[in-house]
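Throw the hints in and build the complete structure from the sequences for me.
The lines below spell out each chain.
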Amino acid sequence: AQSVAQPEDQVNVAEGNPLTVKCTYSVSGNPYLFWYVQYPNRGLQFLLKYITGDNLVKGSYGFEAEFNKSQTSFHLKKPSALVSDSALYFCAVRVLYTGGFKTIFGAGTRLFVKA
Amino acid sequence: NAGVMQNPRHLVRRRGQEARLRCSPMKGHSHVYWYRQLPEEGLKFMVYLQKENIIDESGMPKERFSAEFPKEGPSILRIQQVVRGDSAAYFCASSRGGEGTGELFFGEGSRLTVL
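Chains as they are written, first to last, in our numbering: chain A, 1213 to 1327; chain B, 287 to 401.
Calculated directly from the structure, the hints in this document are not laboratory data.
These numbers come from a predicted model, not from an experiment.
No residue lacks a Cβ here, since even glycine has one placed at the ideal position from N, Cα and C.
Some hints here could point you the wrong way.
[What the hints assert, rightly or not] Partner residues are not named here, just some residues of chain B that face chain A (Cβ under 7 Å, in silico):
| id | residue |
| --- | --- |
| 1 | G328 |
| 2 | L329 |
| 3 | Y334 |
| 4 | D342 |
| 5 | F377 |
| 6 | E389 |
| 7 | L390 |
| 8 | F392 |
| 9 | G393 |
| 10 | E394 |
[Said to hold, decoys possible] Restricting the straight-line Cα-Cα distance to at most 30 Å, the calculated cross-link-like pairs of lysine-lysine (BS3-like) are:
| id | chain 1 | residue 1 | chain 2 | residue 2 |
| --- | --- | --- | --- | --- |
| 11 | A | K1314 | B | K313 |
| 12 | A | K1289 | B | K330 |
| 13 | A | K1281 | B | K330 |
| 14 | A | K1261 | A | K1314 |
| 15 | A | K1234 | A | K1314 |
| 16 | B | K337 | A | K1314 |
| 17 | A | K1314 | B | K348 |
| 18 | A | K1261 | B | K330 |
| 19 | B | K313 | A | K1261 |
| 20 | A | K1270 | B | K330 |
| 21 | B | K337 | A | K1261 |
| 22 | A | K1234 | A | K1289 |
| 23 | A | K1234 | B | K330 |
| 24 | B | K348 | B | K330 |
| 25 | A | K1314 | B | K330 |
| 26 | B | K357 | A | K1314 |
| 27 | A | K1270 | B | K313 |
[What the hints assert, rightly or not] Computed beta-carbon distance windows for the label pairs:
| id | chain 1 | residue 1 | chain 2 | residue 2 | range |
| --- | --- | --- | --- | --- | --- |
| 28 | B | E327 | A | A1213 | 18 to 24 Å |
| 29 | A | P1291 | B | R300 | 47 to 53 Å |
| 30 | A | N1229 | B | K357 | 48 to 54 Å |
| 31 | A | P1230 | B | N293 | 38 to 44 Å |
| 32 | B | G314 | A | N1267 | 29 to 35 Å |
What follows is the structure, encoded as structure tokens:
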């Protein structure tokens, strides 16, 4: 079965420190991987994606993610966390169907950044 | 360029009533997805629609739930005879589809409360 896993329910980090939010996936074929962020009472916003090419992908708000094929991982990173980064983060994998695609989301990881 | 529009943002229903949630995709998008998010949980895929077609409804409960995306007008997620367990946030997302860039654009969600 094609799936995506986020092993941590919550990540706590101090402002100014680097942060990592973990994601692993299981797909057949080439993976198309995404990160989204959700602020309270809002919809999800796209952060970044990996389709092909360079394993290090840069996205919005200073976030980046590293695709690692051998470890089937796509961890989200940021060199220096901000309090405003506190939110719910979702890793997702795009699954191809005939005529379209479907995106499957991980359970989400809540990031708390303390001042 | 308006984003994905969902209404109502908040809906309160008594057990046994019907709930209708509407979603207008972004201009130029012909693929619509509905997801359900329970409190403190991730997003669960419900249904994937294109104009006048249901592509994948594998995430829809077998009874009481239905979805449509007519040729004209918004996509509708309909829940008949609501129960307390239907209380959740329902998110609609759209994409250009096909060989597009792949990321989803989300609405702000419709929060259903069943009394």
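The hints, checked one at a time:
Restraint check, B:G328 versus chain A: the minimum CB separation of about 4 Å is within 7 Å; hint holds. For B:L329, the interface hint holds, the least distance from its beta-carbon to any beta-carbon of chain A being 4 Å, beneath 7 Å. Evaluation of the B:Y334 hint against chain A yields a held restraint, the C-beta minimum of about 5 Å falling below 7 Å. Checking B:D342 against chain A by beta carbon gives a least distance of about 6 Å; that is within 7 Å, so the hint holds.
Taking 7 Å as the C-beta contact cut-off toward chain A, the hint placing B:F377 at the interface holds, the least distance being around 6 Å. Taking 7 Å as the C-beta contact cut-off toward chain A, the hint placing B:E389 at the interface holds, the least distance being around 4 Å. With a cut of 7 Å, the hint placing B:L390 at the interface with chain A holds, because the nearest CB-to-CB distance is about 6 Å. Because the closest C-beta pair between B:F392 and chain A is about 4 Å apart, less than 7 Å, the hint holds.
With a cut of 7 Å, the hint placing B:G393 at the interface with chain A holds, because the nearest CB-to-CB distance is about 5 Å. For B:E394, the interface hint holds, the least distance from its beta-carbon to any beta-carbon of chain A being 5 Å, beneath 7 Å. The suggested pairing of A:K1314 with B:K313 holds, with an alpha-carbon distance near 20 Å, which does not exceed 30 Å. Note on A:K1289 and B:K330: the hinted pairing holds, with a Cα-Cα distance of about 25 Å set against a maximum of 30 Å.
Proximity of A:K1281 to B:K330 is assessed by CA-CA distance (about 26 Å); at most 30 Å being required, the pair is judged to hold. Using a Cα cut-off of 30 Å, the hinted pair A:K1261 and A:K1314 holds, with the two alpha carbons roughly 15 Å apart. The suggested pairing of A:K1234 with A:K1314 holds, with an alpha-carbon distance near 22 Å, which does not exceed 30 Å. For the hint linking B:K337 to A:K1314, the alpha-carbon distance of about 16 Å falls within 30 Å, and the restraint holds.
Straight-line distance between C-alpha atoms of A:K1314 and B:K348 comes to about 20 Å, which keeps the hinted pair within the 30 Å bound. Of the pairs offered as hints, the one joining A:K1261 and B:K330 holds, with about 20 Å between alpha carbons and a cut-off of 30 Å not exceeded. Restraint check for B:K313 and A:K1261: satisfied, since their Cα atoms lie roughly 22 Å apart, inside the 30 Å limit. Straight-line distance between C-alpha atoms of A:K1270 and B:K330 comes to about 27 Å, which keeps the hinted pair within the 30 Å bound.
Between the alpha carbons of B:K337 and A:K1261 the distance comes to roughly 26 Å, so the proposed pair stays at or under 30 Å and holds. At most 30 Å may separate the alpha-carbon atoms for a hinted pair to count; A:K1234 and A:K1289 meet this at roughly 9 Å. A distance of roughly 19 Å separates the Cα atoms of A:K1234 and B:K330; the hinted pair therefore holds under the 30 Å criterion. Distance restraint check for B:K348 and B:K330: the Cα-Cα separation of roughly 15 Å lies within the 30 Å cut-off, and the hinted pair is therefore satisfied.
Distance hint between A:K1314 and B:K330 is fulfilled; the C-alpha atoms sit about 12 Å from each other, no more than 30 Å. For the hint linking B:K357 to A:K1314, the alpha-carbon distance of about 21 Å falls within 30 Å, and the restraint holds. Among the hinted pairs, A:K1270 with B:K313 is consistent with the structure: their alpha-carbon atoms are about 27 Å apart, no more than 30 Å. In this structure the supplied range 18 to 24 Å holds for B:E327 paired with A:A1213, their Cβ-Cβ distance being about 19 Å.
The beta-carbon spacing between A:P1291 and B:R300, approximately 51 Å, falls within the hinted interval of 47 to 53 Å. A hinted range of 48 to 54 Å holds for the C-beta pair A:N1229 and B:K357, which are about 52 Å apart. Hint check: A:P1230 to B:N293, Cβ distance near 40 Å, so the stated range 38 to 44 Å holds. Look at B:G314 against A:N1267: about 31 Å separates their beta carbons, and that is inside 29 to 35 Å.
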